Amino acid sequence: GAGVSQSPSNKVTEKGKDVELRCDPISGHTALYWYRQSLGQGLEFLIYFQGNSAPDKSGLPSDRFSAERTGGSVSTLTIQRTQQEDSAVYLCASSIGQGAVSATEAFFGQGTRLTVV
Amino acid sequence: AQKVTQAQTEISVVEKEDVTLDCVYETRDTTYYLFWYKQPPSGELVFLIRRNSFDEQNEISGRYSWNFQKSTSSFNFTITASQVVDSAVYFCALSERARGTGKLIFGQGTTLQVKP
Numbered sequence: 001g002a003g004v005s006q007s008p009s010n011k012v013t014e015k016g017k018d019v020e021l022r023c024d025p026i027s028g029h030t031a032l033y034w035y036r037q038s039l040g041q042g043l044e045f046l047i048y049f050q051g052n053s054a055p056d057k058s059g060l061p062s063d064r065f066s067a068e069r070t071g072g073s074v075s076t077l078t079i080q081r082t083q084q085e086d087s088a089v090y091l092c093a094s095s096i097g098q099g100a101v102s103a104t105e106a107f108f109g110q111g112t113r114l115t116v117v
Numbered sequence: 118a119q120k121v122t123q124a125q126t127e128i129s130v131v132e133k134e135d136v137t138l139d140c141v142y143e144t145r146d147t148t149y150y151l152f153w154y155k156q157p158p159s160g161e162l163v164f165l166i167r168r169n170s171f172d173e174q175n176e177i178s179g180r181y182s183w184n185f186q187k188s189t190s191s192f193n194f195t196i197t198a199s200q201v202v203d204s205a206v207y208f209c210a211l212s213e214r215a216r217g218t219g220k221l222i223f224g225q226g227t228t229l230q231v232k233p
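Line by line, the protein sequences are chains A and B.
If you're matching positions, the first sequence starts at 1 in our numbering and goes up one per residue.
If you're matching positions, the second sequence starts at 118 in our numbering and goes up one per residue.
By construction, these hints were calculated from the structure, which means they are not laboratory data.
One or more of the hints may lead you astray.
Here are the computed distance ranges between Cβ atoms for each label pair [to be verified]: (1) B/VAL141 x A/GLN41: 15 to 25 Å; (2) A/ARG81 x B/ARG180: 45 to 55 Å; (3) B/GLY179 x A/GLY16: 45 to 55 Å; (4) B/PRO157 x A/GLN41: 12 to 22 Å; (5) A/PRO8 x B/GLU173: 35 to 45 Å; (6) A/GLY16 x B/ILE177: 44 to 54 Å; (7) B/GLU134 x A/GLU14: 42 to 52 Å; (8) A/GLU14 x B/THR148: 16 to 26 Å; (9) B/PRO157 x A/ARG22: 20 to 30 Å; (10) B/VAL141 x A/GLU44: 15 to 25 Å; (11) A/THR70 x B/ASP135: 43 to 53 Å.
Note that this is a predicted model, so its numbers are computed, not measured.
We put the CB at the ideal spot given by N, CA and C, even for glycine.
Using the sequences and the accompanying hints, generate a full structural model.
As structure tokens, then:
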């Protein structure tokens, strides 16, 4: 597609339920990132995928959070046993790749607003 | 550790005023990139600029200008003759090339309100 697409745009879930958030990066972009934007916490890095390399999971806040990227394209962020503090906007971004362009422009999706009640 | 500080939480100006958004960063790496992103009410982060740590030249793009000073670890953003459409949250971010990823460390953001 023309841009990074995320679905759903809004998700309300009950505490304790599992949720899956989806990200479709820009075609041809090998790098994919997940960030979380919470009130009062700013934007925090969660996880990074680059091609077939092992992902950088250093930002995942707990083992309830996991992410996959299938076929080097679509990514799914899964939150198990959701808690109220998981409520936030989850943003996905993609960029061309690493190496000489490792810090090239990242294109962001519009995010998924997750509300845990 | 890497850190980005945007000390101004909220700024309010009247249209046509100039406004400067401050950004101070911390990093131990010698090679890094600095960014500014705009987040309008729609929520999508929009890339504004990327600056390489070796390039300290200031940059101007229309009403936007950026002042990068390594001596003070600052990368400030000025909007000249502000307009209502400039109202948004602005984020400064740091990426360390030496770490081999494009992972961004964001500041807390500055909410800019431009009143007509």
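Hints and how they fare:
no.	hint	verdict
1	B/VAL141 x A/GLN41: 15 to 25 Å	holds (19 Å)
2	A/ARG81 x B/ARG180: 45 to 55 Å	holds (48 Å)
3	B/GLY179 x A/GLY16: 45 to 55 Å	holds (50 Å)
4	B/PRO157 x A/GLN41: 12 to 22 Å	holds (20 Å)
5	A/PRO8 x B/GLU173: 35 to 45 Å	holds (44 Å)
6	A/GLY16 x B/ILE177: 44 to 54 Å	holds (52 Å)
7	B/GLU134 x A/GLU14: 42 to 52 Å	holds (47 Å)
8	A/GLU14 x B/THR148: 16 to 26 Å	violated (46 Å)
9	B/PRO157 x A/ARG22: 20 to 30 Å	holds (23 Å)
10	B/VAL141 x A/GLU44: 15 to 25 Å	holds (19 Å)
11	A/THR70 x B/ASP135: 43 to 53 Å	holds (48 Å)
In this structure, only the earlier hint numbered 8 is contradicted, and the remaining ones agree with it.
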